[in-house]
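Please work from the sequences and hints to get the whole structure.
Given next are the chains, with one letter for each unit.
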Amino acid sequence: EDQVTQSPEALRLQEGESSSLNCSYTVSGLRGLFWYRQDPGKGPEFLFTLYSAGEEKEKERLKATLTKKESFLHITAPKPEDSATYLCAVQALGSNDYKLSFGAGTTVTVRA
Amino acid sequence: GAGVSQSPRYKVAKRGQDVALRCDPISGHVSLFWYQQALGQGPEFLTYFQNEAQLDKSGLPSDRFFAERPEGSVSTLKIQRTQQEDSAVYLCASRGTGLSTEAFFGQGTRLTVV
Numbered sequence: 001e002d003q004v005t006q007s008p009e010a011l012r013l014q015e016g017e018s019s020s021l022n023c024s025y026t027v028s029g030l031r032g033l034f035w036y037r038q039d040p041g042k043g044p045e046f047l048f049t050l051y052s053a054g055e056e057k058e059k060e061r062l063k064a065t066l067t068k069k070e071s072f073l074h075i076t077a078p079k080p081e082d083s084a085t086y087l088c089a090v091q092a093l094g095s096n097d098y099k100l101s102f103g104a105g106t107t108v109t110v111r112a
Numbered sequence: 001g002a003g004v005s006q007s008p009r010y011k012v013a014k015r016g017q018d019v020a021l022r023c024d025p026i027s028g029h030v031s032l033f034w035y036q037q038a039l040g041q042g043p044e045f046l047t048y049f050q051n052e053a054q055l056d057k058s059g060l061p062s063d064r065f066f067a068e069r070p071e072g073s074v075s076t077l078k079i080q081r082t083q084q085e086d087s088a089v090y091l092c093a094s095r096g097t098g099l100s101t102e103a104f105f106g107q108g109t110r111l112t113v114v
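Residue numbers (the working numbering), protein chains in the order written: chain S, 1 to 112; chain V, 1 to 114.
If you are wondering where the hints come from, they were derived from the structure by calculation, not from laboratory data. Not one of these hints is a red herring.
Below, computed lysine-lysine pairings styled on DSSO-like, alpha-carbon distance capped at 27 Å:
{"#": "1", "chain 1": "S", "residue 1": "Lys59", "chain 2": "S", "residue 2": "Lys69"}
{"#": "2", "chain 1": "S", "residue 1": "Lys42", "chain 2": "V", "residue 2": "Lys14"}
{"#": "3", "chain 1": "V", "residue 1": "Lys78", "chain 2": "V", "residue 2": "Lys57"}
{"#": "4", "chain 1": "S", "residue 1": "Lys99", "chain 2": "V", "residue 2": "Lys57"}
{"#": "5", "chain 1": "S", "residue 1": "Lys63", "chain 2": "S", "residue 2": "Lys79"}
{"#": "6", "chain 1": "V", "residue 1": "Lys78", "chain 2": "S", "residue 2": "Lys42"}
{"#": "7", "chain 1": "V", "residue 1": "Lys11", "chain 2": "V", "residue 2": "Lys57"}
{"#": "8", "chain 1": "S", "residue 1": "Lys69", "chain 2": "S", "residue 2": "Lys57"}
{"#": "9", "chain 1": "V", "residue 1": "Lys78", "chain 2": "S", "residue 2": "Lys99"}
{"#": "10", "chain 1": "S", "residue 1": "Lys68", "chain 2": "S", "residue 2": "Lys99"}
{"#": "11", "chain 1": "S", "residue 1": "Lys99", "chain 2": "S", "residue 2": "Lys63"}
{"#": "12", "chain 1": "V", "residue 1": "Lys11", "chain 2": "S", "residue 2": "Lys42"}
{"#": "13", "chain 1": "V", "residue 1": "Lys57", "chain 2": "S", "residue 2": "Lys42"}
{"#": "14", "chain 1": "V", "residue 1": "Lys78", "chain 2": "V", "residue 2": "Lys11"}
If you anchor each label on the Cβ, the simulated ranges turn out as follows:
{"#": "15", "chain 1": "S", "residue 1": "Pro80", "chain 2": "V", "residue 2": "Glu71", "range": "39 to 45 Å"}
{"#": "16", "chain 1": "S", "residue 1": "Leu93", "chain 2": "V", "residue 2": "Ser73", "range": "27 to 33 Å"}
{"#": "17", "chain 1": "V", "residue 1": "Lys78", "chain 2": "S", "residue 2": "Glu17", "range": "42 to 48 Å"}
{"#": "18", "chain 1": "S", "residue 1": "Asn96", "chain 2": "V", "residue 2": "Thr76", "range": "22 to 28 Å"}
{"#": "19", "chain 1": "S", "residue 1": "Glu81", "chain 2": "V", "residue 2": "Gly3", "range": "18 to 24 Å"}
{"#": "20", "chain 1": "S", "residue 1": "Thr5", "chain 2": "V", "residue 2": "Thr76", "range": "32 to 38 Å"}
{"#": "21", "chain 1": "S", "residue 1": "Glu15", "chain 2": "V", "residue 2": "Gln84", "range": "39 to 45 Å"}
{"#": "22", "chain 1": "V", "residue 1": "Ala53", "chain 2": "S", "residue 2": "Asn22", "range": "35 to 41 Å"}
{"#": "23", "chain 1": "S", "residue 1": "Glu1", "chain 2": "V", "residue 2": "Tyr10", "range": "29 to 35 Å"}
{"#": "24", "chain 1": "V", "residue 1": "Ser73", "chain 2": "S", "residue 2": "Lys57", "range": "30 to 36 Å"}
{"#": "25", "chain 1": "V", "residue 1": "Lys78", "chain 2": "S", "residue 2": "Lys42", "range": "19 to 25 Å"}
Glycine residues also receive a C-beta, built at the ideal position from the N, C-alpha and C atoms.
See the structure below:
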């Protein structure tokens, strides 16, 4: 069964203090790894898809990287508006390759 | 509309009551998903439609849960005889063609069973 573990559960940062979130996954074969942002009371908002080890994607202050066992979401010089829960999800190869398996998320709070 | 729309946003049901949650996917999206999100957890897969066909309902917690998408567009998730453990946020997502394209989520329906 696919497993996704995110750490830490919560992260408190000072504005401008860069940090990284971790997503460890176990899957028989990876079709894609997805990062979503979720604000309180809202649905997940798509950020990135990574397909193969070594791949990197960037969007503003966020950069996602992928290895064969984990993905990192790097937040560079965060601002208060980056406060949210960040969810990682995997899509496995095989007959169930349409569904996403999510981790529990990392809640990031950025103080001004 | 431009995004996935869900209604109602909030629903309070008395234990034993039946509820129906609606999802309007992005126009033209073939794939539609329902997920359940408990407080402090990530979304958990419930069911998957491709057009009007329900291809996977393995995540539905019990036979009290039923989903349909009769015309391949709007979908309804129905929960019969609600129980307190059904309290959660129910998220709908739709996706265009291509297995690895991203899924777009609605804002969810928060169900509270009292």
